[in-house]
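For this one, chain C is given, so just place chains A and Y on it according to the hints.
Going line by line, the protein sequences match chains C, A and Y.
In our numbering, each number is its position in the first sequence, counted from 1, plus 1.
In our numbering, each number is its position in the second sequence, counted from 1, plus 2.
In our numbering, each number is its position in the third sequence, counted from 1, plus 116.
It is worth saying that the hints were derived from the structure and are not from the lab.
Do not take every clue at face value.
Calculated pairs, EDC-like style, for lysine to aspartate or glutamate (alpha carbon to alpha carbon, straight line, at most 20 Å) [as the list claims (entries may be wrong)]:
(1) K139/Y with E4/C
(2) K188/Y with E5/C
(3) K188/Y with E178/C
(4) K508/A with D252/A
(5) K59/A with D145/A
(6) K180/Y with E4/C
(7) K182/A with D323/A
(8) K247/A with E217/A
(9) K140/Y with D183/C
(10) K120/A with E139/A
(11) K208/A with E534/A
(12) K521/A with E294/A
(13) K139/Y with E178/C
(14) K173/Y with E327/C
(15) K82/A with D53/A
(16) K188/Y with D183/C
(17) K180/Y with D302/C
(18) K188/Y with E4/C
(19) K220/A with E184/A
(20) K139/Y with E327/C
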Amino acid sequence: MLEEGRISGGQALMLNITMIIATTLISAPTIVANHARQDAWLAMLLATLLALPIAWITAKLGTLFPTKTLVEYTEDILGKWPGKLLSLLYLLWFINICSVMIREYGNFIVDAFMMETPLMIVNILGTALAAYTVKKGLEVLARVNQIFLPLIIVSILLVFLLALPEMKLERFLPVFEAHWVDIFRGAMAPLTWMGEISTFAMLIPFLVQPGQARHTTVITILLVGLFFTLLVVASVATFGPIIDNMIYPVLSTTRVVNIAQFIERPEPLIMAIWITGGLLKISIFYYVIVLGCAQWLTLKDYRPLVLPVGVILVALSSIVARNILELVHFIAYVWPPYALLTFEFGIPLTLLVIALVRKQGGNGP
Amino acid sequence: MAALLSKFRRPRRLNTLVPKPGKSNGDQNNQSQIDPGHASQSRNLSSNIEDNLRSLKGIFHQCSDIIFREFLFAQREQIKLALIYIDGLIDKSQVSDQIIRALSLEVPVATDETTITKKNAWHYIKMRGLCVHQLQESQRLPDIVSAVLSGNCVLLVDGHPNALIVDSRSWAARSIEESKTETVIRGPRESFVETLRTNTSMLRRKIKNPNLKIEVLKLGEVTQTDIAILYINGIANEGLVQEAKKRLSDIKIDAVLDSGYIQELIRDNPNSMFPTISHTDRPDRVAAHLLEGRVAIMVDGTPMVLVAPYLFIEAIQTPEDYYEPAIFMSGVRVLRIISLVIALTLPSLYIAITSFHQEMLPTPLLLSLAAQREAVPLPVFVEAFIMEFAFEIIREAGIRLPREVGQAVSIVAALIIGQAAVQAGLVAGATIIVVALTAMASFTVYYSGSITFRLLRFPLMFLAASFGLFGMIGGIIAMVVYMTSLRSFGVPYLAPLGPTIIGDLKDSAVRVPWWAMHKRPHLIGQNNPQREATGMQPKPPQQKNN
Amino acid sequence: MVFPIIMAFLVIILLEVPGLVSKKMWRELTAFAALLIIGMALSITHTLGVMIPNPNKYIEILFKPLVEWLSK
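Looking at chain C on its own, in the form it has when it is part of the complex:
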């Protein structure tokens, strides 16, 4: 095995949670409220429900091939050359998302906090830090995640707690104003984010007990769904349906915090959350890319590939969008149908059907 490390169920759960929420928690409510307006919370719940099948498919494929990652078992299911082609497409897909994420990451830091710093510097530094983490291996990544994720979650909850005085329940009225089609549209983007759980397929073999994959994925979706709903509820309660015009509603929420004129504008907290969380998420996808490349080329070690892949990611992060509007347009409108139809849902479903029809794989332990 390329990776000797093993992660426990709890570590995998936390990795999955970070994988999904870390970069979305800043701008999630906007995209949903765009369609669903003040019923955005409904859209979130719908998305959670619809994401459960994706979680189940990922886990099922994982238990059918308990010692192989996605890149490896596509060859088993489809045969060597079609499988290798599909794996390559998957790798390109991961590289695509990762570079978009790095772009998002740097964009937020530069837009909100350090306006004079060139975007590329932040991207390069962030990717370099992620490269360092990835080079240390999966176990280190999982452990660092265990250290930081609780801090991130607590900080977000703290921010919302502090903003409580500004929240009004009337902003949710009228309820069910949006058409169900709009709610469905609003649920697409969160569904796509939650669908990123399909990336977990690359990590299932490294669980100490691969049979736990099903629990891990389902609980992840439920927890993430809960958290997103909370996020949306807090944002809508603070501002009302106008959040569809804000780029960073959670940041704006921190800006209204004002406790006794002393605890004002805890923005550094958001910055810290974003830097750590975003970095961890980038590291996870970066690791998946590097591991996938090494497995596709059947190398003995993935570590030498870390730096070149980093260069590619940084270069792409500058190419994928020319400005923030294009970026948000891509994430909100282009990505959901693209991702869902293909790599997150469509293809895994097809793979699972083929595998079951060909009676492949054994039931994992």
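Frame of chain C, contents of chains A and Y only:
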């Protein structure tokens, strides 16, 4: 040419500055000296006492403190005895009374003289004559030499090749005092001294169990320092003990003067600036560590005892935490964690916020800081760096100061740094406060835990000055990633935070009361996880049925 | 602007290649070289201002009808 080549092919020997026997061709005194570590040089004593004395006198030539005392056994002219010892390392009254007097005067009184012959003299001496508490015998010359050098007396008997080694060690040593580096308000005050036997006896008094194993070995080719490995059989991990013993026996160095030498030679991650082996001079700490399943290494000649493995969380743990009530000490623990964070990040935070993120400060504070910064010519980073550096100079000087000049110098330093710099307009008052707070914060943990952070705040300051808060947080993340990847004797360095082990969190940021600490630390005490019965919380007595 | 990029590449090569060569990992070395060349090409051309086609644009074209429906 062949000689040159052969020089490279021969396995390297340590250059211990002790010439090997037979190779000292141009040696003036023509005495053969023994390299104590070289096994093939073992020579045995002969039965003739004159030969033995001659060879020993040759080995100890020019050692003026080695005394050779020849006397007779039981007043018999034929049975010569010789006593060899080092003046200064032996208990003089014991040697005179219990060896010389017992053998020359009291044996003839106690037994019938005629039964003593040269042949059974040795047996008589060993079993009937010597009134000493510890006795060994040996025939090998290196053992004899080593015994004499350790402070024992060696008794040679004419006509017998076996020598008797009598333990009569006593020398001037520092008495047991309070620890100067690890002080507590509540708890035992004694600390280790430089004598190995005294230290092991202190631990024996704390752990009265035959499972406390103390294994000794000698390290250091020239110094032949005694090292003791301590562990509790049945609690300590077998693999850990074996690994520790293996690493110690692999050490080949000429001298071991302090446990620090060994620490650098056996640690994981030798180039890392985070210590992975701890050292302490308190017996209660060592005892507690041994009871958790760790291994202790004692070195003769230094009070600092090494304990392996060492996890990062121990930097905020002190022995007092376990003696005072849990609630108070949990608060103190939290204080220590905050202090550590302050010690590491406060200067960087200050630099980052004043240079890049001024909007994060509340307005009144911002105005006051801006006013101060107006008056100062230097950029914040340079100013903070100079002040921090100056404080490090003061701190280091404070350790080396002779006591007499201490007072005067500290006043001058305080005046220079504090008053004069601010009044001259070189430094802002806020910077002084930051530097002082950082310094004080780093003193809340014991010295060894804080040196790393003292050093690391300088790169962090640089990162903060270059990239603001992003740089600082990135630096901290890089540091955490690095720490997570370290292992100390196989245990992950940041456990129980790194791999989150819920059970071990009972003793991290908080200290749960003793009735809740049922299990030993998970990764270290696997051999014997249960340390306390459940249900030990004090409860009011149950109502008893009649 | 191109010069720091070339410096960065030299640093990357210096960091990785000696280790790979000494351990005789030729496959890994070729993969490393291939990926690095792709990365270099992308970075340098992008820095020099050459417009590199954005893959996301093509994806958008591919899924145009759904994108339209979603953004109504």
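Consistency of the hints with the structure:
{"no.": "1", "hint": "K139/Y with E4/C", "result": "holds, 18 Å"}
{"no.": "2", "hint": "K188/Y with E5/C", "result": "violated, 49 Å"}
{"no.": "3", "hint": "K188/Y with E178/C", "result": "holds, 17 Å"}
{"no.": "4", "hint": "K508/A with D252/A", "result": "violated, 37 Å"}
{"no.": "5", "hint": "K59/A with D145/A", "result": "holds, 15 Å"}
{"no.": "6", "hint": "K180/Y with E4/C", "result": "violated, 40 Å"}
{"no.": "7", "hint": "K182/A with D323/A", "result": "holds, 18 Å"}
{"no.": "8", "hint": "K247/A with E217/A", "result": "holds, 9 Å"}
{"no.": "9", "hint": "K140/Y with D183/C", "result": "violated, 59 Å"}
{"no.": "10", "hint": "K120/A with E139/A", "result": "holds, 18 Å"}
{"no.": "11", "hint": "K208/A with E534/A", "result": "holds, 18 Å"}
{"no.": "12", "hint": "K521/A with E294/A", "result": "holds, 9 Å"}
{"no.": "13", "hint": "K139/Y with E178/C", "result": "violated, 66 Å"}
{"no.": "14", "hint": "K173/Y with E327/C", "result": "holds, 10 Å"}
{"no.": "15", "hint": "K82/A with D53/A", "result": "holds, 13 Å"}
{"no.": "16", "hint": "K188/Y with D183/C", "result": "holds, 9 Å"}
{"no.": "17", "hint": "K180/Y with D302/C", "result": "violated, 40 Å"}
{"no.": "18", "hint": "K188/Y with E4/C", "result": "violated, 46 Å"}
{"no.": "19", "hint": "K220/A with E184/A", "result": "violated, 28 Å"}
{"no.": "20", "hint": "K139/Y with E327/C", "result": "violated, 45 Å"}
Checked against the numbered hints given earlier, the structure breaks hints 2, 4, 6, 9, 13, 17, 18, 19, 20 and satisfies all the rest.
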